[in-house]
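Novice: Line order of the protein sequences matches chains A and B. Quick note on numbering: this note's numbering labels position 24 of the first sequence as 24, and the sequence is numbered without any gaps. Quick note on numbering: this note's numbering labels position 65 of the second sequence as 65, and the sequence is numbered without any gaps.
Any given hint could be a false lead.
Pairwise CB distance ranges (calculated) [unchecked claim]:
hint, chain 1, residue 1, chain 2, residue 2, range
1, B, E10, A, R310, 49 to 57 Å
2, B, E10, A, D309, 50 to 58 Å
3, A, P84, B, K13, 52 to 60 Å
4, B, D41, A, V306, 38 to 46 Å
5, B, N17, A, E17, 48 to 56 Å
6, B, D41, A, D263, 30 to 38 Å
7, B, P33, A, P84, 54 to 62 Å
8, B, T31, A, M1, 46 to 54 Å
9, B, T31, A, S63, 29 to 37 Å
Derived pair list, reagent style EDC-like, types lysine to aspartate or glutamate, alpha-carbon separation capped at 16 Å [what the hints assert, rightly or not]:
hint, chain 1, residue 1, chain 2, residue 2
10, A, K380, B, D4
11, B, K79, B, D4
12, A, K40, A, D7
13, A, K380, A, E332
14, B, K59, A, D396
15, A, K380, B, E68
16, A, K376, A, E344
17, B, K23, A, D385
18, B, K23, A, E387
19, A, K376, B, D18
20, A, K380, B, E22
21, B, K23, A, D381
Taking beta-carbon pairs under 8 Å as the criterion, some of the chain B residues facing chain A (in silico) [claimed, not checked]:
hint, residue
22, V29
23, M36
24, D40
25, S46
26, L47
27, L49
28, A50
29, E51
30, T53
31, D63
32, F65
33, E66
34, D71
35, S74
Hints were generated in silico from the structure; no laboratory data involved. All values reported here derive from a predicted model rather than from experimental measurement. The C-beta atom is built at its ideal place from N, Cα and C for all residues, glycine as well.
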Amino acid sequence: MTLFWADNQRDIQLSYEELIEELTEREERHPVVYTEDPSKILIEILLAILGDNDLTLLDSEFSEDTLTSLGYEPDVGSKTESAPDIQIEDPEELVSQIENANDEWTLTLYTSGTTGTPSQVDQSLEGLTRSVRKDERFSDHVWVFAYNPTHFAGLQVFFQAVLNLNPMIYIFEHSSGQIGDLIDQYGVTHISATPTFYRLRLQQLSDTYETVVRLTSGGEKFEPSLQESLRESFPNAKFRNVYAITEAGSLLESDGEVFRISDDRSNQLKITEDNELVVHESLLGRSVSDEIDGEWFHTGDLVEYVDDDRFRFVGRESDFVNIGGYRVNPHEVEKFINSVDDIEAAVVTARESSVTGNILVAEVQVREDVSTDVAKSRVKDAVGDLERWKHPRVIDVVEKIDQSRSGKRVRSEGE
Amino acid sequence: MSQDTIRKRETLKNILNDILAEKEEASQVDTLPDAMSLTDDLGLDSLDLAEMTVHLEDKYGVDIFEDEIVDKVSEVLNKL
Numbered sequence: 001m002t003l004f005w006a007d008n009q010r011d012i013q014l015s016y017e018e019l020i021e022e023l024t025e026r027e028e029r030h031p032v033v034y035t036e037d038p039s040k041i042l043i044e045i046l047l048a049i050l051g052d053n054d055l056t057l058l059d060s061e062f063s064e065d066t067l068t069s070l071g072y073e074p075d076v077g078s079k080t081e082s083a084p085d086i087q088i089e090d091p092e093e094l095v096s097q098i099e100n101a102n103d104e105w106t107l108t109l110y111t112s113g114t115t116g117t118p119s120q121v122d123q124s125l126e127g128l129t130r131s132v133r134k135d136e137r138f139s140d141h142v143w144v145f146a147y148n149p150t151h152f153a154g155l156q157v158f159f160q161a162v163l164n165l166n167p168m169i170y171i172f173e174h175s176s177g178q179i180g181d182l183i184d185q186y187g188v189t190h191i192s193a194t195p196t197f198y199r200l201r202l203q204q205l206s207d208t209y210e211t212v213v214r215l216t217s218g219g220e221k222f223e224p225s226l227q228e229s230l231r232e233s234f235p236n237a238k239f240r241n242v243y244a245i246t247e248a249g250s251l252l253e254s255d256g257e258v259f260r261i262s263d264d265r266s267n268q269l270k271i272t273e274d275n276e277l278v279v280h281e282s283l284l285g286r287s288v289s290d291e292i293d294g295e296w297f298h299t300g301d302l303v304e305y306v307d308d309d310r311f312r313f314v315g316r317e318s319d320f321v322n323i324g325g326y327r328v329n330p331h332e333v334e335k336f337i338n339s340v341d342d343i344e345a346a347v348v349t350a351r352e353s354s355v356t357g358n359i360l361v362a363e364v365q366v367r368e369d370v371s372t373d374v375a376k377s378r379v380k381d382a383v384g385d386l387e388r389w390k391h392p393r394v395i396d397v398v399e400k401i402d403q404s405r406s407g408k409r410v411r412s413e414g415e
Numbered sequence: 001m002s003q004d005t006i007r008k009r010e011t012l013k014n015i016l017n018d019i020l021a022e023k024e025e026a027s028q029v030d031t032l033p034d035a036m037s038l039t040d041d042l043g044l045d046s047l048d049l050a051e052m053t054v055h056l057e058d059k060y061g062v063d064i065f066e067d068e069i070v071d072k073v074s075e076v077l078n079k080l
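Chain B on its own, in the form it takes in the complex (with noise of 0.2 Å):
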């Protein structure tokens, strides 16, 4: 796995953090394996979603949600 590969799967774990940390009822995660679905497993919804978005989008100047909807780990790294 390349350096840029984990920097980046390090940014998202923190941002995933982050919102994970506002949810009732939800705990961190010390890993993101790359089949973890961000709906299924980790619970976020339609409005964590978009707030991870835009935490992307700052950081890569990449909107993840633009053409397609993507939900696992990999998904979102592939297209950062």
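Pulled out of the complex, with its shape left as it was, chain A reads as follows (with noise of 0.2 Å):
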């Protein structure tokens, strides 16, 4: 038996022999997965695939509002419809029919977008796994899985694993001691996680493990000293820094924080003059191509050179904010706060974080007769709603808010 997923704080232990029989013998699928057990939602992607059904993954942390505006009733999640008909005989057979799987099979997923509303992307098969690397060598390789499964990075360490029928180990809402047992007790090879996640999880491991050999991490900065400090906790490990975009997949890998275009995209990615990274539609998911100008996607990530063609990201042009690695419009949030009758004027501002990259502070004007902890509780009802990254984390009522900073503001530095 080949373990495929383990899961500790669910209890879930499943091997690729039992996945197969979950797969063969299922009579409903769901066509929109809105849920927080990953195993059910990688479970629900073999079964589309293998049967050539579209398949939509919703974040299970969007809020009732942002499926309303996407168009989803909150309940979408427990609709079903017939399974497909699958035969498969052993986990070599389920490899095979993935890669034999029809190309043009069409995953939609959610990016965080442009307007802070998260914006569709149709993703093929092909594009899904275009990073993906096969071979008989990586068939001991033990995965961590420390992504939300509804993320493209999810999405390329269930693919790398699956295609090599390597196990994947759940450790994303998992502390730092139970992650330190895990890695140990599975024999763990390779640990793919955002910036956030190593700081916050793995950074923190007093112990050292050999059988890692392998650290991959992508999608925010990642500073040199917090490699080094992994270094301690994972000896043998190599790393690898992925620059990757829902819109296209994986596009730039190195050992480090700088980059280079290889000979082999330099026709699909350009560094333009004003130092944007822009991605060819030839490499974009359907949803997107269609909706950019002209040939190149512009992703706002700003580059600087440290030679001729080697560089490092240096933050985003927009207005935009990370936080977390979920990019927030601080307007969106304001707009919230300010649509409460106590409040008079409100303003969202994104202030540094060593933790997240930033966090909002929002400072508030309220009316004269309003106390300063009805005013803060006011806030925090305006933007119950919205996903918990969206949140003010400050709140400040003053009593009167700069006029100067309600027009277009500098909200951090570098972006």
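Reconstruct the complex from the two isolated chains, following the hints.
Specialist: Quick look at the structure:
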């Protein structure tokens, strides 16, 4: 028996053989997945690929308001339809059926988008598995799963592991102590996680884990000092930094914070005169390539050159701020607070945080008869239905908001 | 224990209780033992830690996460 998935918090251990039983015996499938249990999400993905059925993944953290704005009913995740008739004999056949599945098969997922509302991205199987490497030498790899499985990075780990029949050990919602035990227990060899996760969970490990041979990260700035400190816990691990965007998947790789565009990608990726990385339409998911003007998709990610052809990422050009890996538009949050009767004016800005990149700070000016405590509770109520990362974590009640700050503001350094 | 440390511990406790009050399934703390872990014992996530940090920075002018990750109460107090 080869382990497919372990989730100790939910007491789930599923082998590839049991997975195949689940896939072949299922009578119903969910065309739209909205659940907190990662294993259910991954099984629905496989059912959809093998049956050539479209599938939509909704982040379980999406609020009801977000679901409504995307056109979904709150109970959309409970709707089912007949499952496809799947015949698979053994794990090797599962892999070959995925490899031979329709390349045009489409998975719909959502990126945080350019307006703060999640925007739809349709990814083909070819796009989702473009950076997967399959080789007999990888058969003894053991992965941790440290992402939200509805996010692109999580899907990358999923396809890499499944196509090599590797186990995945779920550690996303686990404490550092539990993670250390799981790495030991399962002999984990490969870790892929966001820099925030490395900082808050993996950097805290006090033991040494010699089985780990690869640490992969991406998505946010990854400081060299973090890499250095991880070396103590993972002395045998090589480091890989991946630049990926939901609209196009993995695009660049490096062994640190400095990247270069490889020769085979030189016609598909380029740095503009304004130092922004742009991506050719041939690399984009279909729904995105329909929307862009011209041939190039603007990522909004700015770089600085360290020599003639190597560069590092320095930030984003837009008003958006990165809060723990999520893109947030402070204007959107501000609008919610400004809609409260007792509040005369509100300004929401980002404040730099060494933990999450940024957090939101709200400055509010209230009617004279409203106390500070009531004002704060009104603000919390106003944003209560937004995702947690959009909540202002500091609320300052002020006598008068400086009018010069309510116009176009610099929201935080380096954006 | 110096008066200064006692005051800092009390300030930290108040900040943490304000954060815990907003979290579902979290209860307030009466004491803050040195060995208490902010993540494992109190269940704070990255957003909670970021909030705690800015309040401490406003009060003491120190970004406790600037150079390294701290997790135990004693480590936080040592930074202040």
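Novice: With the threshold set at 16 Å, check whether the alpha-carbon distance from K59/B to D396/A stays at or below it.
Specialist: 14 Å, holds
Novice: Classify the hint on D40/B as holds or violated, based on whether any CB of chain A lies nearer than 8 Å to its CB.
Specialist: 4 Å, holds
Novice: Can S46/B be said to touch chain A, with a Cβ gap under 8 Å?
Specialist: 5 Å, holds
Novice: Holds or violated: K23/B with E387/A, Cα cutoff 16 Å?
Specialist: 14 Å, holds
Novice: With a cut-off of 16 Å on the C-alpha distance, tell me whether K23/B and D381/A pass.
Specialist: 14 Å, holds
Novice: Quick check on M36/B please, does its C-beta sit within 8 Å of some C-beta on chain A?
Specialist: With Cβ-Cβ at 13 Å, over 8 Å, it is violated.
Novice: With 48 to 56 Å as the target window, see if N17/B and E17/A comply at their CB atoms.
Specialist: Since the Cβ atoms of N17/B and E17/A sit about 49 Å apart, the hinted range of 48 to 56 Å holds.
Novice: Min Cβ distance, A50/B to chain A: is it shorter than 8 Å?
Specialist: The hint holds - A50/B has a Cβ within 8 Å of chain A, the shortest such distance being about 4 Å.
Novice: Can you let me know if the beta-carbon spacing of E10/B and R310/A is within 49 to 57 Å?
Specialist: At roughly 50 Å between Cβ atoms, R310/A and E10/B fall inside 49 to 57 Å, so the hint holds.
Novice: For the pair we were handed, K79/B and D4/B, check the Cα-Cα distance against 16 Å.
Specialist: Given that 16 Å is the threshold and the Cα spacing comes to 13 Å, the pair holds.
Novice: Range first: 30 to 38 Å. Now tell me if the beta carbons of D41/B and D263/A are that far apart.
Specialist: About 51 Å separates the Cβ atoms of D41/B and D263/A, which means 30 to 38 Å is violated.
Novice: Looking only at beta-carbon atoms, does the pair E10/B, D309/A fall within the given range of 50 to 58 Å?
Specialist: 55 Å, holds
Checked against the numbered hints above, the structure breaks hints 6, 10, 15, 22, 23, 35 and satisfies the rest.
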